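Can you build the whole structure from these sequences, using the hints too?
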Amino acid sequence: MTPATLQPVASSTPARAAMHNVPLAAPVALRPDLAVVAELIPTEVKVLDLGCGDGELLAHLVNTKHVKGRGIELSEQGVLACVRRGLSVRQGNLNEGLADYPEHSFDYVVLSQTLPFLSDAKKILLEMLRVGQRAVVSIPNWGYWRCRIELLASGRMPQAPDLPQPWYEAPRWQAFTITDFARCCREIDVTICQEVYLSRGRRIEVRKFKNLLATTAVFTLERK
Amino acid sequence: MTITQTQSSDPTSVGIVQPDYFTFAEEEPFCLESGATLGPVTVAYETYGRLNADRSNALLICHALSGSAHAAGYHSAEDRKPGWWDECIGPGKAFDTNRFFVICINVLGSCYGSTGPASINPATGLAYGLSFPVVTIGDMVRAQRKLIDHLGIDQLLCVAGGSMGGMQVLEWAAHHADRVKSVMPLASTAHHSPMLIAFGEVGRQAIYADPNWNNGDYYTAGKKPDAGLAVARMVGHITYLSEASMHQKFGRRLQQLERYGYEFNAEFEIESYLKYNGNSFTRRFDANSYLYITKAMDYFDLAQPSGSLAASFAAAEAIKFLVVSFTSDWLYPSYHSKEVVTALTIAGADVTYLDIQSSWGHDAFLLEVETMTRLLGSFLDRLAREEQVALPLAMSEAESKALATPSANGHVDDPALLARFRSAAEVTV
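If you're matching them up, the sequences are chains C and G in order. The first sequence runs 1 to 224 under our numbering. The second sequence runs 1001 to 1429 under our numbering.
Honestly, the hints are just simulated from the structure, not real lab data. The structure presented is a predicted model; accordingly, all values stated were derived computationally and were not measured. No residue lacks a Cβ here, since even glycine has one placed at the ideal position from N, Cα and C. Hints should not be assumed to be uniformly reliable.
To be verified - Where chain C lies over chain G, by a calculated footprint (3+ residues, C-beta under 8 Å):
id	region
1	1021 to 1028
2	1040 to 1049
3	1338 to 1345
Unchecked claim - Here are the simulated lysine-lysine pairs, DSBU-like style, with alpha carbons at most 30 Å apart:
id	chain 1	residue 1	chain 2	residue 2
4	G	K1338	C	K123
5	C	K46	G	K1146
6	C	K68	G	K1295
7	G	K1181	C	K65
8	C	K122	G	K1295
9	G	K1146	G	K1249
10	C	K46	G	K1295
11	C	K68	G	K1338
Written out as C-alpha cells, the structure is:
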C-alpha cells in the first residue's frame, strides 16, 4: 500500500508550487480532481480559488469557461507562476485572505485537497460560504478500503497523500473520511448539493459504499 | 565591464538620453492643496521608447525621495552611472522599451530640473528658499498629470514606483482613476506612519541645526548646510537597510584598520559607509528640497478625508493593481501593503499581491532585480495582451527581429554586475 492510492494533494504544497516556470501555452492536462471541480463550475461566473498553487485550475477556468477568477496562495513561487499565467492572485494565508472579501463577492469558492492541512476547517468552510454563494471542495478519503486494510494489517497510519516525509517531519494534517466530512457539513448547516467520486484518478459511479470505494470526493456545498 | 562597453554595446540599455522640460501655469497659477498658488511651474522629464499610434503604450515611472527623472540610460558617453532604475527599464527588460513608452518625471519641489525651493522665483529674481509653498504628494501627481495631458495621453497603461514613488502611484489610482489602467505600488504605504514622520523630523532637525541653513536662505551665501543634510541622509540610509543586510554588508569590520584606535574617527565600515553616502549626497541634493519632499511624504494619508481607505479607492474598481512588499522592509513594512490590498479587496478592485522574501530591507525594491523582472514583466505582458496594446510605429525590421527572439528578459547573474546594482541603489531611494 502506497500513498499513491490517494490523489495527489493540495496545490499549495511546496512540491507543486515549485513548478513555477510553466510556459503560457502549456497543454492543459488537469489533475483528475481539478477536472471534476472545473466541470462543476458553470461558465462566466466569479470564482475564488483558495491555495491556487501555480494557477492550473484558475487558468483553465478562465480560458475555457471565461470565469472571472481570483486566487489566494501562500508561496512566492506559486504567486509568480500565477502572474506569469496572467492571473490575479494575492499572497497570504486563507484566513486573512478570505476575511477581506465582502459577503457573496463570488459565485464559487474552491478549495482543492487542502482541507486536511487546515487547523480550523469548520471556520474556513463557513467563510467560504460567506464569501461565495457556493463552495466546491475536494478531499482525500482516508476511509478508502486500502487505507483501512493498511491500518488493520500493518498497524501503521496510511500516509498523507503526496507527502514523502514521515508524519513526524510532515506539516500537520488531519486524516478524515467522506462520512466524517458529511457529518461536519450537517453540524454546521451546510448542504451537499453535488457529489462526485474518484478512485485512483478515475471517476466512479457509486450509490453505496462510496466511503469505502472512493479515494477522492468532490462536493458542491451551499448554506442551508 | 567598462562603462564604454556598457553604453555602446549593451543591447539592453536605452543608450544616451536627454531630459525634456515642460512649463505650465504661466498665466493661471497652479493651485496647491494647501491653498497656496505657484506659477509658472516647470517639470523635468525623460522618456524612453516610442509612443504607439493610439497612445496606449505609455508607462509612468515615479521616483522616490531623492530620485530624478533620469531613470534609465546615460546622459553622455562619459557618464559613469546609468539612471536610477536602469536594471528594469530598457529593451527586453521588465519595462520593455521595445514595446512601451516609458516616462519618468522629476517631482515638484525637487532639485533636478522641476520647480522647487532652489528654483528662481520670477517675481523676485531670487531663489524661492522657504518662500516656496509646501507641496503634497497630491500636488506632485497633479503636476505630472499636466504633462501627461500635454503629451496627449488619455490613459496610462501603468503607473509604477517604489517608496515615495509608490505613494504617487496610489495617489494616481485613488484620485485620477480614469487616467490609469493599472498601477504598481512597490514597498510603499497609503499613509505615512508616525515612525516615518519621526525619521523625517530627525532629518529636518539636522538641517535646521546647521548654521549654514540660515532659514533656507543660503543660495547666494557660498556655504550650504552640508553637515545637516549629510546627517539627514545618514539617518535615511539606516532606514533603507535591514539589520540582516548591515550584518551581511559590513558586520563589525573595521575600515582600513587592524585594531581599534580608541579615538573618535569613523572606524567601523558601517560608519564610513554612512559618512561617505551622507557627504556625497550633499553634492547632488538641495537641503531645502529635502525638507519639502519629506514634509510632502509626512502629509500623505490616502484614507483622508473619509477615514476609510476602501472609500478612497471607490473609483479604482476598474484598475488592475500589482502590490509588492518585501519581508525585511521595516521602513514600509509588509502590513502597510496588506492594508492597501485589504482596502482594494473591499473596493472590489483587481489586485495581485506579493510579499517578496528578501534580506535587503527597504532597498530591496531596487535590488531584487530578478524577481522584480519576472513579476513586473509578467504583469505587463498580461496588460499588453488584455488591452491589445499595439507596438510603437516605425519599428525597423532589425528591431522587430530582436523582439521576436526570446531575450534573457533582464535576468542578471553576473555577480560583478549585481554588486554594481547594489551600490547604485544606495543613491537612489
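Here is what the structure says about each hint:
Given as covered by chain C, the region 1021 to 1028 of chain G fails the check, having 0 residues with a CB less than 8 Å from a CB of that chain where 3 are the minimum. Remark: the region 1040 to 1049 of chain G is not confirmed as covered by chain C, as 0 of its residues place a Cβ nearer than 8 Å to a Cβ of that chain, below the required three. Counting residues of the region 1338 to 1345 of chain G whose beta carbon lies closer than 8 Å to any beta carbon of chain C gives 4, which meets the minimum of three for the stated coverage. For the given pair, G/K1338 sits about 22 Å from C/K123 by alpha-carbon distance, which is consistent with the 30 Å threshold.
Taking the CA atoms of C/K46 and G/K1146, the gap is near 38 Å; set against the 30 Å cutoff, the hint is violated. Of the pairs offered as hints, the one joining C/K68 and G/K1295 is violated, with about 42 Å between alpha carbons and a cut-off of 30 Å exceeded. Restraint check: the Cα-Cα separation between G/K1181 and C/K65 comes to about 25 Å, which is no more than 30 Å; the hinted pair holds. Between C/K122 and G/K1295 the alpha-carbon distance is near 48 Å, which puts this suggested pair outside the 30 Å criterion.
Between G/K1146 and G/K1249, the direct Cα distance comes to roughly 42 Å. Violation of the 30 Å bound is thereby established for this hinted pair. Using a Cα cut-off of 30 Å, the hinted pair C/K46 and G/K1295 is violated, with the two alpha carbons roughly 43 Å apart. For the hint pairing C/K68 with G/K1338, the CA-to-CA distance comes to about 22 Å; that is within 30 Å, so the pair holds.
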